[in-house]
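Asks: Residue numbers (the working numbering), protein chains in the order written: chain F, 1 to 211; chain P, 1 to 211.
Keep in mind that the hints were calculated from the coordinates and are not lab data. All C-beta atoms in this analysis are idealised placements derived from N, C-alpha and C, irrespective of residue type, glycine included. Where hints are given, some of them may not hold.
Far from chain F by the CB rule (all over 12 Å, computed), these chain P residues [stated by the list, open to error]:
#1 Q9
#2 A38
#3 D79
#4 P109
#5 P112
#6 L126
#7 H135
#8 A143
#9 P144
#10 L152
#11 A170
#12 P182
List of simulated lysine-lysine pairs, DSBU-like, C-alpha gap at most 35 Å [stated by the list, open to error]:
#13 F:K10 - F:K88
#14 P:K89 - F:K89
#15 P:K10 - P:K61
#16 P:K89 - F:K10
#17 P:K61 - F:K61
#18 P:K88 - F:K10
#19 P:K88 - P:K10
#20 F:K61 - F:K88
#21 F:K88 - P:K88
#22 F:K88 - P:K10
#23 F:K89 - P:K88
#24 P:K89 - F:K88
There are 2 protein chains.
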Amino acid sequence: MRRFVIVGQKASASGEFLLDDVPGTGGRLDVLLRCVRAAMLYSHGIRRDVVVYLLLGGGPKAPRTLRFEGAAATFLRPDERSIGILVKKALVLERVHHAAARGGAVGGPFVPVRPGVGLANGGLSLILADLGGAHLYMLDEGAPDLRSETALGGADDVFFVGDHLGLDEATRASLSAAGARPIGLGPVSVHAEDAIAVLWNEVDRRDATRG
Amino acid sequence: MRRFVIVGQKASASGEFLLDDVPGTGGRLDVLLRCVRAAMLYSHGIRRDVVVYLLLGGGPKAPRTLRFEGAAATFLRPDERSIGILVKKALVLERVHHAAARGGAVGGPFVPVRPGVGLANGGLSLILADLGGAHLYMLDEGAPDLRSETALGGADDVFFVGDHLGLDEATRASLSAAGARPIGLGPVSVHAEDAIAVLWNEVDRRDATRG
Chain F
1 MRRFVIVGQK ASASGEFLLD DVPGTGGRLD VLLRCVRAAM LYSHGIRRDV VVYLLLGGGP
61 KAPRTLRFEG AAATFLRPDE RSIGILVKKA LVLERVHHAA ARGGAVGGPF VPVRPGVGLA
121 NGGLSLILAD LGGAHLYMLD EGAPDLRSET ALGGADDVFF VGDHLGLDEA TRASLSAAGA
181 RPIGLGPVSV HAEDAIAVLW NEVDRRDATR G
Chain P
1 MRRFVIVGQK ASASGEFLLD DVPGTGGRLD VLLRCVRAAM LYSHGIRRDV VVYLLLGGGP
61 KAPRTLRFEG AAATFLRPDE RSIGILVKKA LVLERVHHAA ARGGAVGGPF VPVRPGVGLA
121 NGGLSLILAD LGGAHLYMLD EGAPDLRSET ALGGADDVFF VGDHLGLDEA TRASLSAAGA
181 RPIGLGPVSV HAEDAIAVLW NEVDRRDATR G
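Chain F with its partners taken away, still in its complex shape (with noise of 0.2 Å):
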């Protein structure tokens, strides 16, 4: 199972923002909503072996966090105002604060909130403990090439990726303490979805050889 974790350093942790204006309303969370698209969805099909995090730090109550899990996750269509109003109606679920203040639901801090869609009080420390032993890497302009990554493509591989600001420096010392490999995609500069596009070709492209 191959995880994705997007940092959204603004994006909004509530649902209080305009789906006519995600952009302006909602912290850039229409990176993160494209993003979502990107890592779970190929052609007439979602990824059943993918889960993915969306770490929400702006607004009041950032920062939370979004678990996506394509072995459970139900018509989920691929265009960003879909992807909006699920997130939307995941982030109005006020009781999951109140699951959350009373320790948390059984089986972890993520309660759910839609078939396969998991939201939890909490940022990078809690999506790094739920992720348990894995094998991390961050995308970074100018690291050493994935295609030249040779360990890459394995079955527990999580790839941290920031939003339109990229990963803030605290983020990115958080996550070279917990062991994350920075690895690049190419020579320009490309939006967050599109990354995320490249890594799974490359990684669909490991799993075919190995058969």
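Fit chain P to the supplied structure of chain F, relying on the hints for placement.
Replies: For chain P alone, coordinates are given in the frame of chain F:
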């Protein structure tokens, strides 16, 4: 200058789709909107050396073609709704129909409707004529891998990309007759916008190698 042609078999050629439900009312025009972003934008910038054609094959006014020029585009935002608003405004300009009925505007069949955006009545044959001499590629599952395609990455490369339905047989036949080479991207069939991200990554790498 690289060019991308996105073939929307059912995508709405009129502006009558709803921004709140582009997939359902626009003949999956949403796929094409996302392709505009993937083809034209990188992190914090517009690729100036790109032209994107959207072939709109659905609805009573079809076929029509929108052409986006990176060199002249302004304020192209990455979120799907913003690109949808731009396309909707461009398509409702009825004067284009009238100009075309008079024999087209000066400078070819594309009438300017926004900075860097032109609209024409016509589909594949119009696009092929507009492309002139160029190296044509069409994305095709199972075709030879783009990484092995030594000629790929030339300055006049054109990439034909299908929508969620792929490229239809008639389009494939026309492209083959025009000399288009089929290329594959990898073992998994991905969304059109992800295919464009993978294509750009390969082309960017080759550009960087050539220096």
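Asks: Can you confirm whether the C-alpha distance between K89 (chain P) and K89 (chain F) stays at or below 35 Å?
Replies: holds, 30 Å
Asks: For H135 (chain P), is the shortest CB-to-CB distance to chain F above 12 Å, so the non-interface label stands?
Replies: holds, 21 Å
Asks: Would you say A143 (chain P) is clear of chain F, with no C-beta pair closer than or equal to 12 Å?
Replies: Per Cβ check, A143 (chain P) is outside 12 Å of chain F; nearest 15 Å; holds.
Asks: Does A170 (chain P) really sit off the interface, with its C-beta more than 12 Å from all C-beta atoms of chain F?
Replies: About 21 Å separates A170 (chain P) from the closest Cβ of chain F, which puts it past 12 Å; holds.
Asks: Within a Cα-Cα threshold of 35 Å, do K89 (chain F) and K88 (chain P) meet the stated pairing?
Replies: Measuring from Cα to Cα gives roughly 28 Å; hence the hint holds.
Asks: Next pair to validate is K61 (chain P) with K61 (chain F); report whether the Cα-Cα distance is within 35 Å.
Replies: violated, 48 Å
Asks: Non-interface claim for A38 (chain P): all C-beta distances to chain F beyond 12 Å?
Replies: It is violated; A38 (chain P) is separated from chain F by about 6 Å at its closest Cβ, not greater than 12 Å.
Asks: Just to be careful, I want the Cα atoms of K88 (chain F) and K10 (chain P) compared with a cutoff of 35 Å; is the pair within it?
Replies: holds, 30 Å
Asks: Beyond 12 Å on every Cβ pair: is that true for Q9 (chain P) relative to chain F?
Replies: The claim holds: Q9 (chain P) sits with its nearest Cβ about 14 Å from chain F, beyond 12 Å.
Asks: Quickly compare the C-alpha distance for K89 (chain P) and K10 (chain F) to 35 Å and report which way the hint goes.
Replies: holds, 31 Å
Asks: Is the Cβ of D79 (chain P) more than 12 Å away from each Cβ in chain F?
Replies: For D79 (chain P), whose nearest Cβ neighbour in chain F is about 4 Å away, the distance does not exceed 12 Å, so it is violated.
Asks: Is the Cβ of L152 (chain P) more than 12 Å away from each Cβ in chain F?
Replies: Answer for L152 (chain P): holds, closest chain F Cβ roughly 15 Å.
Comparing the model with each earlier hint shows violations of hints 2, 3, 17; every other hint is respected.
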